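In the order they appear, the protein sequences are chains G and A.
Using the numbering used here, the letters of the first sequence correspond one by one to residues 6 to 106.
Using the numbering used here, the letters of the second sequence correspond one by one to residues 6 to 106.
Don't read these hints as lab results, they were simulated from the structure.
Mixed in with the good hints there might be a few duds.
Because identical chains share one entry, a pair is satisfied inside a single copy or across any pair of copies.
To be verified - Keeping only pairs whose Cα atoms sit at most 25 Å apart, straight-line, the calculated BS3-like set for lysine-lysine is: (1) K14 x K46; (2) K14 x K79; (3) K46 x K70; (4) K16 x K46; (5) K13 x K46; (6) K16 x K27; (7) K13 x K94; (8) K79 x K46; (9) K27 x K17; (10) K46 x K17; (11) K79 x K94; (12) K79 x K17; (13) K13 x K79; (14) K79 x K16; (15) K70 x K27; (16) K94 x K46; (17) K94 x K70; (18) K70 x K16; (19) K27 x K14; (20) K17 x K94.
Only a predicted model underlies this, so the values are computations on that prediction, with no experimental measurement involved.
Protein chains: 2
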Amino acid sequence: MLTELSVKKIKKSCEEVAQILKALSHPQRLLILGHLLAGEKTVGELEDVCDISQSQLSQFLSRMKLEGLIDRRKEGRFQYYFVADERLKHLMAIIQQEYCR
Amino acid sequence: MLTELSVKKIKKSCEEVAQILKALSHPQRLLILGHLLAGEKTVGELEDVCDISQSQLSQFLSRMKLEGLIDRRKEGRFQYYFVADERLKHLMAIIQQEYCR
DNA sequence: TTATCATATTATAATAAAGTAATATGTCAA
DNA sequence: TTGACATATTACTTTATTATAATATGATAA
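Given only the sequences and the hints, what does the whole structure look like? Please build it.
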């Protein structure tokens with residue numbers, strides 16, 4: 006039986022998860038993440054390997070950073086992006102396993 | 006090393022996965038799915054338990070059905086909806102395990 | 001100290017999704 | 001055979017996302 010409090014918790018979880026999934030749910034963002042899962046990359050490296058404009062790439066990266074999916078470190082004039090969240094690594098592994106073959 | 010063919014495959018996978026994740030990425034659709042994972046439900050049952058209008062519920066259900074996430078069977082004037090896809094069950098289990106506690 | 005490179009930001013136009021209200025369809029019970 | 005019930009569809013408004021272009025910032029090398 007569900008108390009009012011547990012209903013609130015469930016709804017809150019749904020909102021959080023929905024936001025994360027929304028941040029994932031774009032073909033190019035998934036592709037970017039796929040590349041980052043193989044190791045950190047600069048924006049330029051991603052630009053070469055994904056087929057996407059510099060501007061949009063930068064916007065996608067900053068959105069995913071905002072949502073906590075990825076993070077970055079600066080080195081000179083380069084930004085190295087990487088997957089920050091262990092839960093996401095796990096989730097992406099399952100997605101690849103289930104949907105990519 | 007990536008051939009042109011394998012790049013195409015990867016892009017196609019990303020599109021498919023993005024579409025599925027997009028269909029998932031709404032708090033109320035996740036809530037609906039959560040309830041359906043516990044067993045099939047009529048639209049009316051879902052309406053009671055989710056806080057959502059009949060019209061929108063019906064639209065959400067038909068969208069998720071279209072994307073292949075759920076299916077339904079008719080019994081008299083009731084429609085019983087259920088989770089159709091084993092991959093989705095697995096994915097949802099991981100999501101709950103990672104993000105809901 | 002200026003030109004160039006790497007990246008970010010802003011503005012905006014185009015497209016898609018969500019929310020809402022009204023109406024339609026099909027089934028059953030009286 | 002009509003009224004009520006369960007659900008679906010349609011039309012429309014509002015809001016969010018994506019795409020694109022232009023400009024800005026900050027670091028380095030010449």
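If you check each hint against the structure, which ones fail? Hints 2, 12, 13 and 14 are the ones this structure does not satisfy, whereas the remaining hints hold.
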